[in-house]
Amino acid sequence: MPKITIDGKEIEFKQGQTIIQAAEDNGIEIPHFCYHPKLSISGNCRICLVEVERMPKLVIACATIASEGMVVHTNSEKTIAARNAVMEFILINHPLDCPICDEAGECKLQDYAYQHSIGESRFVEEKVHKDKRVQLGPHVMFDGERCISCSRCIRFCDEVAKDSELTFVKRGDKVTITTFPGEQLDNPYSLNVVDICPVGALTNSDFRFKARVWDMSRTNSICYGCSRGCNIEIWVRNNEILRLTPRHNEEVNSYWMCDHGRLNTFKFVNASDRIDSPQLRVDGSLQTVNWDEAFSFVSNKLKQFSKNEIAVIGSPYATCEDNYLVSKFAKTVLGTNNVDFIRHLDPSFADDILRTEEISPNSRGAELVGVTPTKNGLALSEIIKAIKEGKIKAIYLVEDDLLSYDPSLEESLEKLDLFVIHTTNFNASCKFANVVFPAATYAEKNGTFVNIQGRVQRIRPAVATTELDRSLDGMSLSRLDKFGTEFDRWAQGKKYDAKSTWKILTNLSAYFGQKYKYQTSEDVFIDITKNISEFNGLDYESIGLLGKELSLEKVKI
Amino acid sequence: MTQVNNSLKKRKKDLTFWQKIYIPEIIKGLSITMKNMLRPKFTMEYPEEKFIPPASYRGRPVLVMEQNGDERCVACGLCSRVCPALAIEVQAAETEREKERYPEKFEINMLRCIFCGLCEEVCPEEAIVMSKDYELAFTNRDDAIYGKDKLLIPVNQLQDRIEFLRKYK
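Chains as they are written, first to last, in our numbering: chain A, 12 to 568; chain B, 62 to 230.
Simulated from the structure, these hints should not be mistaken for laboratory data.
All C-beta atoms, glycine included, are put in the ideal place defined by N, C-alpha and C.
It is possible that part of the hints are untrue.
[Claimed, not checked] Among chain A residues calculated to face chain B with C-beta under 7 angstroms, some are:
hint : residue
1    : F134
2    : R223
3    : V224
4    : F494
5    : F498
6    : F523
[Claimed, not checked] Here are the computed lysine to aspartate or glutamate pairs in the DMTMM-like style, where the Cα-Cα straight-line distance is at most 20 angstroms:
hint : chain 1 : residue 1 : chain 2 : residue 2
7    : B       : K166      : B       : D203
8    : A       : K505      : B       : D203
9    : A       : K138      : B       : E161
10   : A       : K221      : B       : E161
11   : B       : K166      : A       : D217
12   : B       : K166      : A       : D499
13   : B       : K160      : A       : E131
14   : A       : K143      : B       : E155
15   : B       : K209      : A       : E131
16   : A       : K138      : B       : E159
17   : A       : K143      : B       : D203
18   : A       : K221      : B       : E159
19   : B       : K160      : A       : D499
20   : A       : K221      : B       : E155
21   : B       : K166      : A       : E251
22   : B       : K160      : A       : E137
23   : B       : K230      : A       : E131
24   : A       : K221      : B       : D203
25   : A       : K143      : B       : E157
26   : A       : K143      : B       : E161
27   : B       : K211      : A       : D499
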């Protein structure tokens with residue numbers, strides 16, 4: 012491999028790499044604004060100037076191809092002087108409004124101003140004024156004065172979202188960004204421009220002014236929106252999710268995620284229709300009961316039916332652990348083979364970037380861990396038919412909505428003898444449920460999802476339920492979480508009395524005389540790895556932050 | 062040890078007759094008392110009469126209210142971040158004003174506040190300053206949390222402190 016020397020350190024690089032890429036691969040950071048590993052090279056910010064021996068002038072590290080024997084200095088006197096000068100130029104027209112800017116705390120310009128700037132401005136003239144608060148699209152707000160014209164957002168739309176919507180207009184210090192006439196920044200990936208914007212010029216309308224970045228905790232998780240399973244971070248303050256951002260995983264989503272996943276998959280966690288404790292139907296209306304009452308009611312009722320009168324429906328929204336117990340509970344405790352789950356498909360949602368047709372995160376997982384009919388068991392369509400014919404008298408539905416899936420079931424669901432639901436929020440089916448168990452959302456539990464590529468990835472609790480304690484259960488903590496007490500209003504975020512489905516089923520099985528020894532979801536997962544061959548040899552640690560591909564045939568994506 | 066014993070013995074011997082009868086010593090002491098009674102008073106008849114502290118005094122932190130009734134604060138959250146006692150909670154929101162951010166909620170928990178003045182020092186807008194108000198007594202925890210209604214003080218009442226800050230900060 013060819014070698015290059017950066018700051019006296021000899022490093023190897025791949026032919027064709029630029030200096031900045033070679034440095035990045037070896038842990039040397041060269042400051043940059045316009046360079047992004049997944050976008051084309053633009054070379055307009057000039058902050059990555061470095062000194063290369065035997066070259067007459069400084070060169071930009073992002074656009075200079077590394078070659079054998081090159082000697083690069085990133086911290087020489089000349090480089091530092093050039094960097095300071097570039098910073099000074101950029102800051103000439105950049106408003107000093109960090110206090111009102113949402114990017115503060117995660118702003119590249121702010122960080123570099125501390126690291127690479129002289130700290131004073133010699134510019135006494137009036138700064139250039141441009142349009143502020145321009146709504147570029149349904150989700151993105153633009154502040155022209157803050158923009159440093161790095162063109163990352165323009166290149167993102169052209170190259171990644173494949174939908175050219177943004178462009179530069181005007182020249183020199185008047186240059187600004189706008190949408191093409193008649194166009195809006197409304198591609199399904201538009202909010203990624205907010206993440207890649209190195210300053211606060213592009214902000215997320217949904218998150219604007221909600222919280223300071225340093226007040227939130229962040230938890231590594233997986234997007235819930237479709238079966239791609241984009242890696243995300245969940246940002247939480249006071250036990251409330253405020254935003255989701257993509258997390259880099261080259262195998263799955265690179266640096267991106269779609270707007271649907273970012274905006275529509277977390278609000279239900281703190282919505283007003285969350286179920287807060289077990290509900291039992293008494294005299295026609297659902298009433299709050301404690302867990303023991305609900306468990307003994309359900310177990311007594313279920314014992315009255317014969318195997319063939321019961322159907323159990325798992326969920327592609329629940330984790331592998333949850334579905335594994337659904338299958339185990341149905342097949343060993345209830346003894347029924349009528350086990351299946353509802354597939355949620357929406358061909359119009361799919362595209363050839365990230366979105367998939369399957370709009371649930373874990374249908375492959377549900378399938379793999381055994382939520383499928385066995386022997387003479389009924390599949391979903393047959394279960395629905397049997398419900399209508401009155402052959403199925405009891406339904407155990409986990410984290411899904413049967414009535415919305417098939418509205419023609421309305422009359423038959425009403426006639427059921429027993430209808431038990433695990434759900435996070437009230438849904439249409441709850442209208443006919445005898446018992447509703449509050450299920451923890453994907454942001455409140457540990458577990459695994461298997462995405463469309465057959466990759467098993469972990470979710471972690473970001474929001475605490477009543478049975479979780481942020482520090483004792485190893486959840487990520489913000490400064491406010493660490494020091495808040497019960498007397499602080501900023502530490503009294505609502506905690507729901509909900510449990511993971513695997514835990515509800517473990518507890519319920521005890522009422523049938525079956526004692527599962529699961530304490531944590533990892534115990535369940537270890538059981539899965541022992542019993543399901545595809546999962547052999549895995550554990551939570553080896554899945555880690557980026558997931559592990561299961562040993563199965565690759566499906567076509 | 063021996064020294065102490067010696068001095069004790071010595072003292073008994075050393076007392077003169079006048080000292081032993083005590084009366085002149087009482088007169089001496091009372092004369093000091095009388096002298097001080099005629100000197101000017103330093104104590105105040107609090108709460109009838111109130112102490113007005115100098116500009117350098119750090120009383121409870123307050124928010125500056127501009128002449129037009131708007132708060133100066135832009136809800137940047139730096140005071141909340143720097144507060145070593147985590148007394149300050151700020152919730153920002155958007156406004157139509159030129160500075161597009163304002164505090165929808167601004168609460169200081171006076172039971173947490175330690176009057177260090179770091180919030181005032183870090184404020185980029187000169188929007189939170191230490192006042193001269195030291196009368197802080199509560200009968201329950203909720204009363205001790207001051208919202209915007211109690212925190213906003215017209216700028217002309219705070220001129221003293223603002224001038225002090227401009228001079229020494």
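Results of checking the hints against the structure:
1. Taking 7 angstroms as the C-beta cut-off, the interface hint given for F134(A) is violated, the closest approach to chain B being about 19 angstroms.
2. Hint status for R223(A): holds, given a least beta-carbon distance of 4 angstroms to chain B, under 7 angstroms.
3. A least Cβ separation of about 10 angstroms between V224(A) and chain B goes past the 7 angstroms threshold, and the interface hint is therefore violated.
4. Among the interface hints, the one on F494(A) holds; its C-beta lies about 5 angstroms from the nearest C-beta in chain B, closer than the 7 angstroms criterion.
5. Interface restraint check for F498(A): the shortest CB-CB distance to chain B comes to about 6 angstroms, inside 7 angstroms, so the restraint holds.
6. Interface restraint check: F523(A) against chain B, minimum CB-CB distance 47 angstroms, threshold 7 angstroms, status violated.
7. Pair hint K166(B) plus D203(B) holds up; C-alpha atoms about 15 angstroms apart against a cutoff of 20 angstroms.
8. About 19 angstroms separates the Cα atoms of K505(A) and D203(B), which keeps this hinted pair within 20 angstroms; it holds.
9. Restraint check for K138(A) and E161(B): satisfied, since their Cα atoms lie roughly 18 angstroms apart, inside the 20 angstroms limit.
10. Restraint check for K221(A) and E161(B): the C-alpha separation of about 13 angstroms stays at or below 20 angstroms, so the hint holds.
11. Between the alpha carbons of K166(B) and D217(A) the distance comes to roughly 19 angstroms, so the proposed pair stays at or under 20 angstroms and holds.
12. The hinted pair formed by K166(B) and D499(A) meets the criterion: a straight-line CA distance of about 14 angstroms does not exceed 20 angstroms.
13. At roughly 23 angstroms between alpha-carbon atoms, K160(B) and E131(A) are farther apart than 20 angstroms, so this suggested pair is violated.
14. Among the hinted pairs, K143(A) with E155(B) is consistent with the structure: their alpha-carbon atoms are about 13 angstroms apart, no more than 20 angstroms.
15. Note on K209(B) and E131(A): the hinted pairing is violated, with a Cα-Cα distance of about 35 angstroms set against a maximum of 20 angstroms.
16. Pair hint K138(A) plus E159(B) holds up; C-alpha atoms about 16 angstroms apart against a cutoff of 20 angstroms.
17. The straight-line distance between the Cα atoms of K143(A) and D203(B) is roughly 40 angstroms, outside the 20 angstroms bound, and the hint therefore fails.
18. At most 20 angstroms may separate the alpha-carbon atoms for a hinted pair to count; K221(A) and E159(B) meet this at roughly 19 angstroms.
19. Proximity of K160(B) to D499(A) is assessed by CA-CA distance (about 29 angstroms); at most 20 angstroms being required, the pair is judged violated.
20. A distance of roughly 9 angstroms separates the Cα atoms of K221(A) and E155(B); the hinted pair therefore holds under the 20 angstroms criterion.
21. With a C-alpha separation of about 17 angstroms, the suggested pairing of K166(B) with E251(A) holds against the 20 angstroms cut-off.
22. For the suggested pair K160(B) and E137(A), the alpha carbons sit about 18 angstroms apart, so the restraint of at most 20 angstroms is met.
23. Proximity of K230(B) to E131(A) is assessed by CA-CA distance (about 19 angstroms); at most 20 angstroms being required, the pair is judged to hold.
24. The hinted pair formed by K221(A) and D203(B) fails the criterion: a straight-line CA distance of about 24 angstroms is larger than 20 angstroms.
25. Proximity of K143(A) to E157(B) is assessed by CA-CA distance (about 12 angstroms); at most 20 angstroms being required, the pair is judged to hold.
26. With a C-alpha separation of about 10 angstroms, the suggested pair K143(A) and E161(B) falls inside the 20 angstroms cut-off, and the hint holds.
27. With a C-alpha separation of about 18 angstroms, the suggested pairing of K211(B) with D499(A) holds against the 20 angstroms cut-off.
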